[in-house]
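Number of protein chains: 2
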Amino acid sequence: MVTSEDMTPSFSRKIPDGDDRERSVCRHCGFIDYQNPRIVVGSVVVAGDGRLLLCKRAIEPRKGFWTLPAGYLETGEAPEEGAMREAREEANAELKIDRLLAIYSIPRISQVQLLYRAELLNKDKISPGPESADLKLVPWRDIPWPELAFPSVVWALNAWNESKEEAAFAPYTNPQGGL
Amino acid sequence: MVTSEDMTPSFSRKIPDGDDRERSVCRHCGFIDYQNPRIVVGSVVVAGDGRLLLCKRAIEPRKGFWTLPAGYLETGEAPEEGAMREAREEANAELKIDRLLAIYSIPRISQVQLLYRAELLNKDKISPGPESADLKLVPWRDIPWPELAFPSVVWALNAWNESKEEAAFAPYTNPQGGL
Chain A
1 MVTSEDMTPS FSRKIPDGDD RERSVCRHCG FIDYQNPRIV VGSVVVAGDG
51 RLLLCKRAIE PRKGFWTLPA GYLETGEAPE EGAMREAREE ANAELKIDRL
101 LAIYSIPRIS QVQLLYRAEL LNKDKISPGP ESADLKLVPW RDIPWPELAF
151 PSVVWALNAW NESKEEAAFA PYTNPQGGL
Chain B
1 MVTSEDMTPS FSRKIPDGDD RERSVCRHCG FIDYQNPRIV VGSVVVAGDG
51 RLLLCKRAIE PRKGFWTLPA GYLETGEAPE EGAMREAREE ANAELKIDRL
101 LAIYSIPRIS QVQLLYRAEL LNKDKISPGP ESADLKLVPW RDIPWPELAF
151 PSVVWALNAW NESKEEAAFA PYTNPQGGL
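Residue numbers (full-length UniProt numbering), protein chains in the order written: chain A, 1 to 179; chain B, 1 to 179.
Everything labelled a hint here was simulated from the structure, so no lab data went into it. The C-beta atom is built at its ideal place from N, Cα and C for all residues, glycine as well. Nothing false has been slipped in among the hints.
Sample of chain B residues facing chain A (criterion: CB under 8 Å; computed from the structure):
| id | residue |
| --- | --- |
| 1 | Cys29 |
| 2 | Phe31 |
| 3 | Pro37 |
| 4 | Arg38 |
| 5 | Ile39 |
| 6 | Leu73 |
| 7 | Gly76 |
| 8 | Ala78 |
| 9 | Arg99 |
| 10 | Pro107 |
| 11 | Val112 |
If you only want the chain B side, here are some residues facing chain A, beta carbon under 7 Å, derived:
| id | residue |
| --- | --- |
| 12 | His28 |
| 13 | Gln35 |
| 14 | Asn36 |
| 15 | Tyr72 |
| 16 | Thr75 |
| 17 | Glu77 |
| 18 | Pro79 |
| 19 | Ser105 |
| 20 | Ser110 |
| 21 | Ala168 |
| 22 | Ala170 |
I would like the entire structure built from these sequences, with the hints used as guidance.
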């Protein structure tokens, strides 16, 4: 008899037929768990008065630190749609996406981040969603740099500041040495 | 007794605890198969004489049609590294990546494509890899438009042609109405 405990997923590493690298294959059912890098979509969100939207993380990792509204792109979604959904989920914020600000690649955690420059359309109606403990709109000079959650938040805010007067530009990529 | 047939993966759709949308969950072992969009990386590859590299597909889909060297980004890879690997696998081509040419989103098949402009470094030494039936280097006027494999190949070649004299530009995105 196979008990429910026997049936918990149990993966071993092997190279499937016709493949050229090791994958995780379930010992029980043969399911191949193809792991591909995941796409994070998010935005540097600017209100009409130039203030920037930050969200205080209510969840790990980096709970209590400030971040941009961002998260995993879902299947069937265009990246801009995903960035708008994340802002809605985390801050009840309605965005107008302006353009792609940056593409960051974080191979260590297998993420590619697509970060947009966006305009906040409902600044008087934003409120924290379940993954946010708090929100704020801050002018550039008041960004809490030491309390930002991730390096790419720092990079994206700097990229926004450098390019804020520009209409067309190549998207920023990882700063020198930045992984 | 559970036979091997009983153990083939069998997924049903349900919303896992703490999640907000349906996922495929294995009836046998409870494994949750999070499906995220996948990242395709590839290049418009140009030889020093201005000719463009095309690869004839040896595999389905669109076997026998011409495409750009491109494929799925693997875990732990930066997108530029993935684009270089794909050119090596499909054409034994060594590239110098120049810049991001285009980002195309194909939500219907949950793909985000990052296509680079790249220089071919070893034009006299290219040869078809296992997924290519043939290769060719063609001048712009000889591109076999009706025999290109995918709409995004057409889009990327046009984007390359439009921007080939430009050093810095915003990456192209899906043409109007293009999904």
